[in-house]
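S.K.: For the record, the sequence lines run as chains A and B. Per the numbering used here, the first sequence starts with residue 1, numbered consecutively. Per the numbering used here, the second sequence starts with residue 1, numbered consecutively.
Hints are supplied without guarantee of correctness; some may be wrong.
To be verified - Sample of chain B residues with no beta-carbon within 10 Å of chain A, all distances over it, derived:
id, residue
1, A63
2, E104
3, G119
4, R218
5, V222
6, S231
7, I243
Claimed, not checked - Just a few of them, taken from the derived set where beta-carbon distance is under 8 Å, the chain B residues facing chain A:
id, residue
8, C90
9, N92
10, L115
11, K132
12, T135
Don't read these hints as lab results, they were simulated from the structure. Every residue gets a Cβ at the ideal spot worked out from N, C-alpha and C, and that includes glycine.
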Amino acid sequence: MAASLDDTISQRQHSPISWIISRQTFWVFVAVMLACVALSLATNTFASPSNLFNITRNFTFTAIIALGMTIVIITGGIDLSVGSVLCLCSMVLAETMQAGASIYIGIAAALATAVVVGAFNGGLIAYLGMPPFVVTLGMLSIARSLATVVSNNTVVFKFGPDQAALLALGGGKTFGVSNPLIYTVVLALITGFVLRWTKFGRHVFAIGGNEQGALLTGVPVRRVKLAVYIISALSAGVCGIVETGWLGAVTTNIGTGMELQVIAAAVIGGANLAGGSGTAFGALIGAALIEIIRNSLSLLGINPFWQGTFIGSAILIAVLFERIRRLRESD
Amino acid sequence: MPVLELNNISKHFGAIQAINEVSLTIEPGEVVGLMGDNGAGKSTLVKIIAGNYPPSHGSMRIAGEPASFHKPIEARQRGVEIVYQDLALCGNLTAAANVYLSRELHKGFGVLKILDYAGMYRRAGELFKELKSETRPRDLVEKMSGGQRQAVAIARTMLSEAKIVLMDEPTAAISVRQVAEVLHLIRTLRDRGVAVILISHRMPDVFTVADRVVVLRRGVKVADRPIAESSPEEVTGLITGAIDRIH
Numbered sequence: 001m002a003a004s005l006d007d008t009i010s011q012r013q014h015s016p017i018s019w020i021i022s023r024q025t026f027w028v029f030v031a032v033m034l035a036c037v038a039l040s041l042a043t044n045t046f047a048s049p050s051n052l053f054n055i056t057r058n059f060t061f062t063a064i065i066a067l068g069m070t071i072v073i074i075t076g077g078i079d080l081s082v083g084s085v086l087c088l089c090s091m092v093l094a095e096t097m098q099a100g101a102s103i104y105i106g107i108a109a110a111l112a113t114a115v116v117v118g119a120f121n122g123g124l125i126a127y128l129g130m131p132p133f134v135v136t137l138g139m140l141s142i143a144r145s146l147a148t149v150v151s152n153n154t155v156v157f158k159f160g161p162d163q164a165a166l167l168a169l170g171g172g173k174t175f176g177v178s179n180p181l182i183y184t185v186v187l188a189l190i191t192g193f194v195l196r197w198t199k200f201g202r203h204v205f206a207i208g209g210n211e212q213g214a215l216l217t218g219v220p221v222r223r224v225k226l227a228v229y230i231i232s233a234l235s236a237g238v239c240g241i242v243e244t245g246w247l248g249a250v251t252t253n254i255g256t257g258m259e260l261q262v263i264a265a266a267v268i269g270g271a272n273l274a275g276g277s278g279t280a281f282g283a284l285i286g287a288a289l290i291e292i293i294r295n296s297l298s299l300l301g302i303n304p305f306w307q308g309t310f311i312g313s314a315i316l317i318a319v320l321f322e323r324i325r326r327l328r329e330s331d
Numbered sequence: 001m002p003v004l005e006l007n008n009i010s011k012h013f014g015a016i017q018a019i020n021e022v023s024l025t026i027e028p029g030e031v032v033g034l035m036g037d038n039g040a041g042k043s044t045l046v047k048i049i050a051g052n053y054p055p056s057h058g059s060m061r062i063a064g065e066p067a068s069f070h071k072p073i074e075a076r077q078r079g080v081e082i083v084y085q086d087l088a089l090c091g092n093l094t095a096a097a098n099v100y101l102s103r104e105l106h107k108g109f110g111v112l113k114i115l116d117y118a119g120m121y122r123r124a125g126e127l128f129k130e131l132k133s134e135t136r137p138r139d140l141v142e143k144m145s146g147g148q149r150q151a152v153a154i155a156r157t158m159l160s161e162a163k164i165v166l167m168d169e170p171t172a173a174i175s176v177r178q179v180a181e182v183l184h185l186i187r188t189l190r191d192r193g194v195a196v197i198l199i200s201h202r203m204p205d206v207f208t209v210a211d212r213v214v215v216l217r218r219g220v221k222v223a224d225r226p227i228a229e230s231s232p233e234e235v236t237g238l239i240t241g242a243i244d245r246i247h
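Build out the structure end to end from the sequences listed, making use of the hints.
M.R.: This is how it looks when you write it as structure tokens:
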């Protein structure tokens, strides 16, 4: 009897393989790989070095913010302000550098802006109990308006003495790989590490699973939620800096509608809007799928007006698969 | 020496007298069934012991030392653990993660500290074994039965070598077979020398597992009897007021 109890307790329900194939992220990954193979065969242009370089760079702008968004979504929250925060941080960077400051000062100012905005969002949500949807919807409007005020609605394309350094930061490459891709991979590794191996990451999941329970058990729920919105705003700020360096100009339209694309990437990658699940790798894969859809439509000569239909379908299919899997499990 | 002593504890919220001059003594390894109708003051009394709020009057001692709590964490540090009615578990985390929630084990590489998964799985497995519960540390709580969930919530209280475990309606929402499992878990705690206060509406549970029954009615303690000397009929009479009180 004692032995059988031991066996039961030490038994694992899943083998590593059955665990992997039960993941939504895995199937989206498979879809991405199949799409890449099919596009390589169907077109001459997809697998060309320059196209691959473009895809791996373009997807990073969605991916970087999707990493921050995924953490927010795991807690059961949402951050609708990221597109506007990206714009505000870009504008702060651009205006600071245009005024003659070094790139370090510019980046510090942009990131400080992100921290302030994130702390404002997180403070209202965590300490005053306001709904994340409402708070960040308000910030979506506020941040873009502030960016317009700061720039007086002008386009900034001169970045002072460190202009070359900024353009290299976002537009350059290292060992044949675009710089934004390197930042994205590093940020994804950090995010994945934090989610899996730290107490903070564990608490992020706990809050998404049962916020009230986590609170009763002694999880510092308010502090974690505050931190999560600061991280999300920081991811938007980092993306704003990199994207500014790549584009070489900032308008007050930068990042418009970005929040929806980022949320789409996170959801396709397996983050559940009800909270409690999501991964850094999923955020990357979701962002990659969106970029591949966009890229392939233009390569295949399909009218780009169809883009939204394909991306929307990808969201629905990914979540539908997850739903079917759950229904089958509960039978 | 009693592990818990309540001396003339009263609690009022504005004009409402929730608890009136309640005294209670519990020895280590004793299981006390706390019974009473809705609004009799059971939850208030338990929340005072658990540190959710201080009493208006009266004093409390834990293991002989005076205790006055203002936050649940203070009670926890003194060895008072509570198993909430809804168990406060996170379904998306494993059993081991729930047991160690907010008390995670770490292993360090210098300044960098990471979660000690292996250590937490192993120790949680040992706790489940002590509880004689077929609960796997790596399983997600959302896939578990009610009895296994109770085992996870109770294993939490064993991490810190609790002296007193307060259980709020642990058998209210689970199947008959699982009730037996939970009563078994309570006995396991008792055998480890833990004092258990079991709040329950279910007469059979209290009479199966408790050593004593304490009945509250309108904030007043109307009975404190060894189970062997009482009966379900008597307790029902005390709860409803058909029997005024027994000393």
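S.K.: What hint numbers does the structure not satisfy?
M.R.: 2
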